[in-house]
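Each chain is listed here by its residues.
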Amino acid sequence: MHISEGVLSGPVLAAGAVIAVAGTSLGLKKIEYDRIVHVAILASAFFVASLIHVNIGPASVHLILNGIVGLLLGVAAFPAILTALLLQSVFFQYGGLTALGVNVVVMAVPAVLSHYLFLPLLGKSSTLNFTAGFLAGLFSILFSSLLLGAALWFTNHNFFETSFAIIMAHIPVMIIEGIITGFCVTFFLKVYPEIIPLRKK
Amino acid sequence: MIEEKFASGQSLIHQLDPKIRILTSIVLSVATALCDHLYLAGIYFLISIGLILMAGLNGMDVLKRLKPLFWFLLMIWIILPLSFDGETMVRLYGLKLTAPGVILCCKITIKSITILLIFTALIATMTIASLGNGLHRIHVPDKMVFLLLMSYRYISVIESEYKRLLRAAKFRGFTPKTNLHSYKTYAYLAGMLFVRASVRAERVYQAMLCRGFNQKFHTLDVYPSNRLNSKFLTGISVASLSLVIIEIFWV
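Going line by line, the protein sequences match chains A and B. Going by this note's numbering, the letters in the first sequence line up with residues -2 to 198, in that order. Going by this note's numbering, the letters in the second sequence line up with residues 15 to 265, in that order.
Do not take every clue at face value.
[Stated by the list, open to error] Covered by chain A, according to a simulated footprint, are these stretches of chain B (three or more residues, beta-carbon under 8 Å):
#1 41 to 50
#2 113 to 127
#3 145 to 158
#4 189 to 202
#5 233 to 240
[What the hints assert, rightly or not] Below, computed lysine to aspartate or glutamate pairings styled on EDC-like, alpha-carbon distance capped at 20 Å:
#6 B:Lys81 to B:Glu18
#7 B:Lys81 to B:Glu175
#8 B:Lys121 to A:Glu158
#9 A:Lys27 to B:Glu216
#10 B:Lys177 to B:Asp50
#11 B:Lys198 to B:Glu216
#12 B:Lys33 to B:Asp156
#13 B:Lys230 to A:Asp31
#14 B:Lys110 to B:Asp99
#15 B:Lys230 to A:Glu29
#16 B:Lys121 to B:Glu101
#17 A:Lys27 to B:Asp156
#18 B:Lys110 to A:Glu158
#19 A:Lys27 to A:Glu191
#20 A:Lys26 to B:Asp156
[To be verified] Simulated coverage check for chain B against chain A, where a stretch passes if three residues somewhere in it have a Cβ under 8 Å from a Cβ of chain A:
#21 73 to 84
#22 217 to 223
Hints are computed from structural coordinates only; laboratory data are not their basis. Remember, it's a predicted structure, so these values are computed and weren't measured experimentally. Here a beta-carbon is modelled for each residue, glycine too, at the ideal position from N, C-alpha and C.
Given the sequences, and given the hints that come with them, work out the whole structure.
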């Protein structure tokens, strides 16, 4: 999910860049040097996961999984997502430089929020684990598409229909991301719970 | 899949210092993004075409890279002319196309293609290693540069792990469909990617410590100071600035 170049107005681009820089510097400050390799390789995994296409009926959508990145990394999701998006633009031309800030905000803010909202629910019961994962996945995409719509709407109120169409088109994606994130989280807790930064009891 | 197709070359652009290329692409992209005038956007477009020619890139390859953008532009062209307020330009079967909608579509099309061409000509023509080097020299924090280089290094590794997992699933008769089982399989597959990434990170970090990693990457590339660098940066900046001034005062 990303906004193309050349669409947004100056103030929206500037706001996106400022928030992205602030979030990224906060995230970088939180990463100690002994964790930085971990963040970097999880960013590579996030990049590769976005190449996975799942079917819905005759069409297919690619996974986004910013919810998972948020759950695993917290504020460090900001630099991780920035890294992945920058590499995506270099390799696949999914964007240039000016909309990078807005695109980072669109993906990373929901990721970080889902870390604080849903991580505390994990590790209590298996039904709750799946539900929390499902909600994290669904919420991340919902909030991302709302942010994307808002960026368009602030640029020009005439973009209302376009924003609405984008949000509607993402409803199936929200459900799929919810299901996948839910299963993913239960998988983590079964196979390698250390990956999830659970609060020590 | 992950290839740096444009990174090698002998053109004028390839000889420029990465730092200069990053700075000019920022200046030019920002000026283009802020431009709100159709003809001026056309001038930026010509500049970006000029840069592509200077970089000596293959036109077909560049067009192929723009493919994702064209899908987006198609969507814009379908929705905007119909949904925009303003005077009606054409009526078609009861639908009205508005003039401001069509003009905005033109502007978005030109600007988005221009910004991507600038990026392709200036940034995609260097290796990620040079990009890291350039970012470091424009004072991007060390940790950020480290993340970029490290993450790039492991993308192909993680990708081959993904392909291996997918192959294993297919050998066991997995055919993707629209059902819960398929989603569960993909979820476990993605989950396994993250788990392996995390385990690998631990090993990589220990290996780096063993080799005396002191939180710094050193570059072996040397970029000799070249008079072309400052001329290029000045030329592009002056051109962008004058276009911005023209837009503010005369248009």
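Going through the hints against the structure:
Residues of the region 41 to 50 of chain B with a Cβ under 8 Å from some Cβ of chain A number 5, which satisfies the need for three, so the listed coverage holds. Coverage of the region 113 to 127 of chain B by chain A holds. Counting CB-CB distances below 8 Å, 10 residues qualify, and the rule asks for three or more. Three residues within the 8 Å Cβ limit are the bar, and the region 145 to 158 of chain B against chain A gives 4, so the coverage statement holds. Counting residues of the region 189 to 202 of chain B whose C-beta lies closer than 8 Å to any C-beta of chain A gives 10; at least three are required, and the coverage claim holds.
A count of 0 residues in the region 233 to 240 of chain B with a Cβ less than 8 Å from any Cβ of chain A is obtained; the coverage claim is therefore unmet, three being the minimum. Pair hint Lys81 of chain B plus Glu18 of chain B holds up; C-alpha atoms about 17 Å apart against a cutoff of 20 Å. Taking the CA atoms of Lys81 of chain B and Glu175 of chain B, the gap is about 27 Å. The hint is violated against a cut of 20 Å. A distance of roughly 19 Å separates the Cα atoms of Lys121 of chain B and Glu158 of chain A; the hinted pair therefore holds under the 20 Å criterion.
About 18 Å separates the Cα atoms of Lys27 of chain A and Glu216 of chain B, which keeps this hinted pair within 20 Å; it holds. Taking the CA atoms of Lys177 of chain B and Asp50 of chain B, the gap is about 45 Å. The hint is violated against a cut of 20 Å. In summary, the hint linking Lys198 of chain B to Glu216 of chain B is not supported, as the alpha carbons are separated by about 27 Å, beyond the 20 Å threshold. For the hint pairing Lys33 of chain B with Asp156 of chain B, the CA-to-CA distance comes to about 15 Å; that is within 20 Å, so the pair holds.
For the suggested pair Lys230 of chain B and Asp31 of chain A, the alpha carbons sit about 13 Å apart, so the restraint of at most 20 Å is met. This hinted pair checks out: Lys110 of chain B and Asp99 of chain B have alpha carbons roughly 10 Å apart, not beyond 20 Å. At most 20 Å may separate the alpha-carbon atoms for a hinted pair to count; Lys230 of chain B and Glu29 of chain A meet this at roughly 14 Å. Restraint check for Lys121 of chain B and Glu101 of chain B: the C-alpha separation of about 18 Å stays at or below 20 Å, so the hint holds.
Note on Lys27 of chain A and Asp156 of chain B: the hinted pairing holds, with a Cα-Cα distance of about 14 Å set against a maximum of 20 Å. For a cut-off of 20 Å, the pair hint linking Lys110 of chain B to Glu158 of chain A stands: about 15 Å separates their Cα positions. Restraint check: the Cα-Cα separation between Lys27 of chain A and Glu191 of chain A comes to about 19 Å, which is no more than 20 Å; the hinted pair holds. Between Lys26 of chain A and Asp156 of chain B the CA atoms are separated by roughly 11 Å; this keeps the pair inside 20 Å, and the hint holds.
Counting residues of the region 73 to 84 of chain B whose CB lies closer than 8 Å to any CB of chain A gives 4, so the stated coverage by that chain holds, three being the minimum. With 3 residues carrying a beta carbon less than 8 Å from a beta carbon of chain A, the region 217 to 223 of chain B meets the three-residue requirement, and the given coverage holds.
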